[in-house]
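Protein chains in written order, with numbering that gives the first Met the number 0: chain Z, 0 to 207; chain G, 0 to 207.
FYI, nobody ran anything at the bench for these hints, they're computed from the structure. Keep in mind that this is a model prediction, so the values were computed, not measured. Idealized CB from N, CA, C, for every residue including glycine. It is possible that some hints are incorrect.
Interface residues of chain G toward chain Z, partial, derived using beta-carbon atoms under 10 Å [to be verified]:
1. L20
2. Q23
3. V113
4. W170
Mimicking BS3-like on lysine-lysine, the simulated pairs with C-alpha atoms at most 30 Å apart in a straight line are [to be verified]:
5. Z:K42 - G:K108
6. G:K198 - Z:K9
7. Z:K198 - G:K42
8. Z:K108 - G:K126
9. G:K198 - Z:K130
10. Z:K198 - G:K198
11. Z:K182 - G:K142
12. Z:K182 - G:K108
13. Z:K145 - G:K198
14. G:K11 - Z:K11
15. G:K126 - Z:K145
16. G:K145 - G:K130
17. G:K145 - G:K198
18. G:K11 - Z:K198
19. G:K198 - G:K142
20. G:K198 - Z:K142
21. G:K130 - G:K42
22. G:K108 - Z:K142
23. G:K130 - Z:K198
24. G:K11 - G:K198
25. G:K42 - G:K11
26. G:K11 - Z:K182
27. Z:K108 - G:K182
28. G:K142 - Z:K198
29. Z:K198 - Z:K9
30. Z:K9 - Z:K42
2 protein chains.
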Amino acid sequence: MCPPALIPYKPKNPKTRLSALLSQEEREQFAAAMLEDVKAAVKDAMCSPVLVCSELFDSEDVQVTIADTDLSGSLNAILPQNPGPALIIMADLPLADTASIRRVISTEKDIAIVPGRGGGTNAIFMKEPHKFHVDYYGASFLKHMKIAEDAGLSVEVIDSFRLHTDIDEPWDLVELLIHGTGKSRAYLEDLGFLLSVDKGRVGVRRGQ
Amino acid sequence: MCPPALIPYKPKNPKTRLSALLSQEEREQFAAAMLEDVKAAVKDAMCSPVLVCSELFDSEDVQVTIADTDLSGSLNAILPQNPGPALIIMADLPLADTASIRRVISTEKDIAIVPGRGGGTNAIFMKEPHKFHVDYYGASFLKHMKIAEDAGLSVEVIDSFRLHTDIDEPWDLVELLIHGTGKSRAYLEDLGFLLSVDKGRVGVRRGQ
Numbered sequence: 000m001c002p003p004a005l006i007p008y009k010p011k012n013p014k015t016r017l018s019a020l021l022s023q024e025e026r027e028q029f030a031a032a033m034l035e036d037v038k039a040a041v042k043d044a045m046c047s048p049v050l051v052c053s054e055l056f057d058s059e060d061v062q063v064t065i066a067d068t069d070l071s072g073s074l075n076a077i078l079p080q081n082p083g084p085a086l087i088i089m090a091d092l093p094l095a096d097t098a099s100i101r102r103v104i105s106t107e108k109d110i111a112i113v114p115g116r117g118g119g120t121n122a123i124f125m126k127e128p129h130k131f132h133v134d135y136y137g138a139s140f141l142k143h144m145k146i147a148e149d150a151g152l153s154v155e156v157i158d159s160f161r162l163h164t165d166i167d168e169p170w171d172l173v174e175l176l177i178h179g180t181g182k183s184r185a186y187l188e189d190l191g192f193l194l195s196v197d198k199g200r201v202g203v204r205r206g207q
Numbered sequence: 000m001c002p003p004a005l006i007p008y009k010p011k012n013p014k015t016r017l018s019a020l021l022s023q024e025e026r027e028q029f030a031a032a033m034l035e036d037v038k039a040a041v042k043d044a045m046c047s048p049v050l051v052c053s054e055l056f057d058s059e060d061v062q063v064t065i066a067d068t069d070l071s072g073s074l075n076a077i078l079p080q081n082p083g084p085a086l087i088i089m090a091d092l093p094l095a096d097t098a099s100i101r102r103v104i105s106t107e108k109d110i111a112i113v114p115g116r117g118g119g120t121n122a123i124f125m126k127e128p129h130k131f132h133v134d135y136y137g138a139s140f141l142k143h144m145k146i147a148e149d150a151g152l153s154v155e156v157i158d159s160f161r162l163h164t165d166i167d168e169p170w171d172l173v174e175l176l177i178h179g180t181g182k183s184r185a186y187l188e189d190l191g192f193l194l195s196v197d198k199g200r201v202g203v204r205r206g207q
């Protein structure tokens with residue numbers, strides 16, 4: 000089994016909530032490094048990465064480009080075209096590893112869903128993608144549970160902090176500096192980011 | 000196997016970072032409800048809850064009371080007294096469920112460690128507690144990995160968002176309202192807490 004891993008990706012001006020710590024160019028390089036980490040993990044788990052973008056960009060990756068629509072619209076246009084199982088996984092999950100992705104794609108249920116922080120959805124594995132559709136706005140985890148229920152599909156919720164931890168806010172960088180092992184952690188360290196402990200609480204600071 | 004589950008617990012004025020949302024009395028009741036959820040989960044996983052407190056309080060639970068020392072000191076006084084395996088698990092993990100705790104206590108390694116948000120340690124299972132000691136200040140997860148390594152103990156890091164999610168900050172309540180199933184979620188709902196979605200971001204608000 001070598002299902003496609005659809006990875007939505009925004010190369011230009013991503014991760015704006017990190018703007019206090021990283022310039023636009025740095026955020027673009029950091030997002031690219033996180034994407035590399037996710038791609039490495041899905042490949043190790045025997046999935047084939049396919050980037051889903053709103054515009055074509057310079058990359059050797061397989062890309063599906065859909066303009067003039069949002070994330071959910073793009074994915075819902077692609078899903079019915081997959082004859083076999085498909086995975087959707089976000090590009091900002093640099094703690095993703097082979098073991099956690101294998102737990103997702105080896106589900107015995109019709110669908111496996113990985114909740115993200117704050118009610119989001121970080122990954123969805125569908126054995127029959129044409130029976131499902133996505134809706135990423137707001138508390139998407141609860142929406143996706145409901146969509147699966149309405150479609151009569153059985154669901155496994157995957158209990159993984161590695162896939163639960165999407166990197167959006169400055170304090171999320173703590174998780175990456177502690178648990179990361181790939182290119183995005185190395186990129187942060189090259190920029191001089193370090194863990195800092197103040198009154199017992201752990202944060203990050205930028206040295207150099 | 001029915002190992003003790005040592006649960007550090009502070010009945011008076013807990014969870015001060017939730018003070019903007021909850022009065023002291025409410026925080027005490029909320030902490031008690033989270034403790035009930037953790038106790039229910041460890042009992043279902045065939046562990047025996049033992050509360051570790053700095054002062055005796057009114058409860059039917061088995062308690063070990065150690066005054067005049069901090070959390071690490073208390074636990075380090077207790078650990079060598081355990082002839083068999085022991086679990087330490089925090090009281091503010093209301094998403095803990097039987098499956099996640101079973102993954103911890105069924106490790107094939109000498110020790111299983113569950114990292115918490117922000118570099119903390121939410122649970123530790125030790126087959127031979129006298130060979131280990133804890134140090135909860137700061138980035139305790141990294142410290143505990145080092146302590147295990149220095150002691151020559153093999154370690155499994157448990158990848159669970161249910162056990163990773165300690166409830167400290169207002170935005171953590173989102174996780175409880177989405178993924179919780181026990182008394183602490185019900186307590187929040189009784190107080191009128193609801194999920195709210197603003198510009199696609201999920202938060203909580205207190206109605207009524």
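Hint check results:
Hint status for G:L20: violated, given a least beta-carbon distance of 16 Å to chain Z, over 10 Å. With its C-beta approaching chain Z no nearer than about 21 Å, G:Q23 sits outside the 10 Å limit, and its interface hint is violated. A hinted interface residue such as G:V113 counts as satisfied when its beta carbon comes closer than 10 Å to some beta carbon of chain Z; here the least separation is about 9 Å, so the hint holds. Annotation: interface hint on G:W170 holds; nearest CB of chain Z at approximately 7 Å, less than 10 Å.
A distance of roughly 28 Å separates the Cα atoms of Z:K42 and G:K108; the hinted pair therefore holds under the 30 Å criterion. Under the criterion of a C-alpha separation no larger than 30 Å, the hint pairing G:K198 with Z:K9 is consistent with the structure, at around 19 Å. For the hint linking Z:K198 to G:K42, the alpha-carbon distance of about 34 Å lies beyond 30 Å, and the restraint is violated. Distance check on the hinted pair: Z:K108 and G:K126 sit about 34 Å apart at the alpha-carbon level, beyond 30 Å; violated.
A C-alpha spacing of about 28 Å is found between G:K198 and Z:K130, which places the hinted pair at or below 30 Å, so the restraint holds. Pair hint Z:K198 plus G:K198 does not hold up; C-alpha atoms about 34 Å apart against a cutoff of 30 Å. In summary, the hint linking Z:K182 to G:K142 is supported, as the alpha carbons are separated by about 24 Å, within the 30 Å threshold. At most 30 Å may separate the alpha-carbon atoms for a hinted pair to count; Z:K182 and G:K108 meet this at roughly 28 Å.
This hinted pair checks out: Z:K145 and G:K198 have alpha carbons roughly 21 Å apart, not beyond 30 Å. Distance hint between G:K11 and Z:K11 is unfulfilled; the C-alpha atoms sit about 49 Å from each other, more than 30 Å. Simply put, G:K126 and Z:K145 have alpha-carbon atoms about 41 Å apart, too far for the 30 Å limit, and the pair is violated. Distance hint between G:K145 and G:K130 is fulfilled; the C-alpha atoms sit about 13 Å from each other, no more than 30 Å.
Our distance criterion of 30 Å between C-alpha atoms is broken by G:K145 and G:K198, whose separation comes to about 43 Å. Annotation: proposed proximity of G:K11 to Z:K198 holds, straight-line Cα distance about 21 Å (limit 30 Å). With a C-alpha separation of about 39 Å, the suggested pairing of G:K198 with G:K142 is violated against the 30 Å cut-off. Of the pairs offered as hints, the one joining G:K198 and Z:K142 holds, with about 16 Å between alpha carbons and a cut-off of 30 Å not exceeded.
A hinted pair counts as satisfied when its Cα atoms are at most 30 Å apart, and G:K130 with G:K42 qualifies at roughly 25 Å. Restraint check: the Cα-Cα separation between G:K108 and Z:K142 comes to about 38 Å, which exceeds 30 Å; the hinted pair is violated. Using a Cα cut-off of 30 Å, the hinted pair G:K130 and Z:K198 holds, with the two alpha carbons roughly 28 Å apart. Proximity of G:K11 to G:K198 is assessed by CA-CA distance (about 37 Å); at most 30 Å being required, the pair is judged violated.
Note on G:K42 and G:K11: the hinted pairing holds, with a Cα-Cα distance of about 24 Å set against a maximum of 30 Å. With a CA separation close to 44 Å, the supplied pair G:K11 and Z:K182 exceeds the 30 Å bound. A threshold of 30 Å between alpha carbons decides the hint, and for Z:K108 with G:K182 the separation of about 28 Å falls inside it, so the pair holds. Between the alpha carbons of G:K142 and Z:K198 the distance comes to roughly 16 Å, so the proposed pair stays at or under 30 Å and holds.
For the hint pairing Z:K198 with Z:K9, the CA-to-CA distance comes to about 37 Å; that exceeds 30 Å, so the pair is violated. About 20 Å separates the Cα atoms of Z:K9 and Z:K42, which keeps this hinted pair within 30 Å; it holds.
Hint violations for this structure: numbers 1, 2, 7, 8, 10, 14, 15, 17, 19, 22, 24, 26, 29, all remaining hints satisfied.
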